[in-house]
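K.L.:
For reference, the chains in residue letters:
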Amino acid sequence: MLGRRHITSHTEGLETFLLTLVATMDFLALSILAGLVVVSTVAGLLWRSRQGAITGGGEADISPTLLAPGHWLTLFQVSAPLCSYCSAMRGILQRASTAHEGVAHVEYDVSEIPEVIDKFAVRQAPTTFLVEADGRVVHQIGGPIAPTALDQLITQAREDVRKRSDEYEI
Amino acid sequence: MNTKSNQLDPRGPRFGAAITTVLFVVILLLGIPTASQPAFDAAWWLLVIATVLFGWGSLLGPSRHPYAWLYRASLKKLLPPPPFMEDEAPPRFAQTVGFVISLIGLALHLLGVPWGLVIASAMAFVAAFLNAVFGLCLGCELYSLRLRLRRR
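Read top to bottom, the protein sequences are chains L and G. Residue 170 is where the first sequence ends in the working numbering, and the numbering goes up by one at each step. Residue 1152 is where the second sequence ends in the working numbering, and the numbering goes up by one at each step.
Read the hints as simulated data drawn from the structure, not as lab findings. Hints may be right or wrong, so weigh each one.
[As the list claims (entries may be wrong)] Some chain L residues flagged as far from chain G (calculated, every beta-carbon gap over 10 Å):
1) Asp26
2) Arg48
3) Ala68
4) Ala88
[What the hints assert, rightly or not] Here are the simulated SDA-like cross-link-like pairs (lysine to any residue), alpha carbons at most 25 Å apart as the crow flies:
5) Lys1076/G x Arg136/L
6) Lys163/L x Arg90/L
7) Lys163/L x Ala88/L
8) Lys163/L x Thr148/L
9) Lys163/L x Ala133/L
10) Lys1077/G x Gly1061/G
11) Lys1076/G x His71/L
12) Lys119/L x Leu66/L
13) Lys1077/G x Ile1019/G
14) Lys163/L x Ser87/L
15) Lys1077/G x Leu1142/G
16) Lys1077/G x Pro1066/G
17) Lys1077/G x Lys119/L
18) Lys1077/G x Thr1096/G
19) Lys1076/G x Leu1059/G
20) Lys163/L x Gly91/L
21) Lys1077/G x Ser87/L
22) Lys1076/G x Pro144/L
23) Lys1076/G x Ala88/L
24) Lys119/L x Lys163/L
25) Lys1076/G x Ala53/L
26) Lys1076/G x Ala60/L
27) Lys1076/G x Ala1107/G
28) Lys1077/G x Ala88/L
29) Lys119/L x Gly1061/G
30) Lys163/L x Gly102/L
31) Lys119/L x Ala60/L
32) Lys1076/G x Glu1088/G
33) Lys1076/G x Ile1019/G
34) Lys119/L x Glu1088/G
35) Lys163/L x Arg136/L
[Said to hold, decoys possible] Some chain L residues close to chain G (C-beta under 7 Å, calculated; not the full set):
36) Ser40
37) Val42
38) Gly44
39) Ser84
40) Val103
Being a predicted model, the structure only gives us computed values, none of them experimental. A virtual CB, placed ideally from N, CA and C, is assigned to each residue, including glycine.
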């Protein structure tokens, strides 16, 4: 009994605070808060669904002077000064470039390559392009992507290159 | 670019954002019923505290913030090492955005503008919620948006 009274006196301040909070809560406050939670959740889910979205390369090219020479594929990363996931993506791309033969990683700031930003309508950082040696863009990835998904894209790109060179030989 | 700024465990700022989210839930629940008559009530003083905390993170950086100490003393010990590190600059900028927004809320409240405190707190709540739940740094997105608009 004594112990219990002891605890009660200790938590009295918090209890009074919580009771005041509950007492002052009204329907309007709760509904505004619920509305804010719903709106932010929808916005967050929309944002998340856009992360790591892969689009196939179009007709447009990236100038080979911006690529790493002597590699069949360049992982072309676009970064921005205040970008939360750019360093994460840098690590993923660097590891992929060492794991796959003939693959290189280059990184540019948005301000360095305005023509690429305009041509491909880059609207988020990081954005990553998988570019072949001649400048042909195979894939465009918006936001961070899982290492396994990236490995698949690289393997698939190598298959495509091999198939094309086989056709050429025939 | 590639300014060699401090590197952080990215879960630290998210942990801090979770505390900020709870703080703004309380501010909104206390502030909405009295929104039409601005006074020096509990909601006001809690927003003052939130503003000071944002200012702290903005000035000294998120790694020298009370929430970062709390994170290192608690959750960090239970989690595996982070898969990647994050630059300090983005979460620091987000703290600055939070500071400006809550400061505007305080100013509107001081001027006696009804709902001023609540609207600013609602904006801060949405940003903190998105950061804590989804890892989306709204302040950082604002920065890159500004970068895009300026180039037009």
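K.L.:
If you draw a straight line from the CA of Lys1077/G to the CA of Pro1066/G, is it 25 Å or shorter?
P.N.:
Holds, at about 17 Å.
K.L.:
Are all C-beta atoms of chain G more than 10 Å from that of Asp26/L?
P.N.:
With a cut-off of 10 Å, Asp26/L comes too close to chain G, as the shortest Cβ separation is near 5 Å.
K.L.:
Need the status of pair Lys163/L, Gly91/L: alpha-carbon distance at most 25 Å?
P.N.:
violated, 30 Å
K.L.:
Taking only the CA atoms, is the gap from Lys119/L to Glu1088/G under or equal to 25 Å?
P.N.:
Not OK: Lys119/L and Glu1088/G at ~31 Å, beyond 25 Å, violated.
K.L.:
Holds or violated: is the Cβ of Gly44/L closer than 7 Å to a Cβ in chain G?
P.N.:
This hint holds: Gly44/L lies near chain G, its Cβ roughly 4 Å from the closest one there, short of 7 Å.
K.L.:
Lys1077/G and Ala88/L: Cα distance at most 25 Å?
P.N.:
holds, 22 Å
K.L.:
Is the hint on Val103/L kept, meaning its closest Cβ partner in chain G is under 7 Å away?
P.N.:
violated, 20 Å
K.L.:
May I ask you to test the interface hint for Val42/L with respect to chain G, counting a Cβ-Cβ separation under 7 Å as satisfied?
P.N.:
violated, 11 Å
K.L.:
Given the hint that Lys1076/G pairs with Leu1059/G, does the C-alpha gap stay at or below 25 Å?
P.N.:
The hint holds at about 24 Å.
K.L.:
Taking 25 Å as the top limit, are the C-alpha atoms of Lys119/L and Ala60/L close enough?
P.N.:
The hint holds at about 7 Å.
K.L.:
Hint check: is the beta carbon of Ser40/L less than 7 Å from a beta carbon of chain G?
P.N.:
holds, 5 Å
K.L.:
Does Lys1076/G pair with Arg136/L here, judged by a C-alpha cut-off of 25 Å?
P.N.:
Between Lys1076/G and Arg136/L the Cα gap is close to 44 Å, so the pair fails against 25 Å, i.e. violated.
Violated hints for the displayed structure, listed by number in ascending order: 1, 2, 4, 5, 6, 7, 11, 14, 15, 17, 18, 20, 24, 25, 26, 27, 29, 34, 37, 40.
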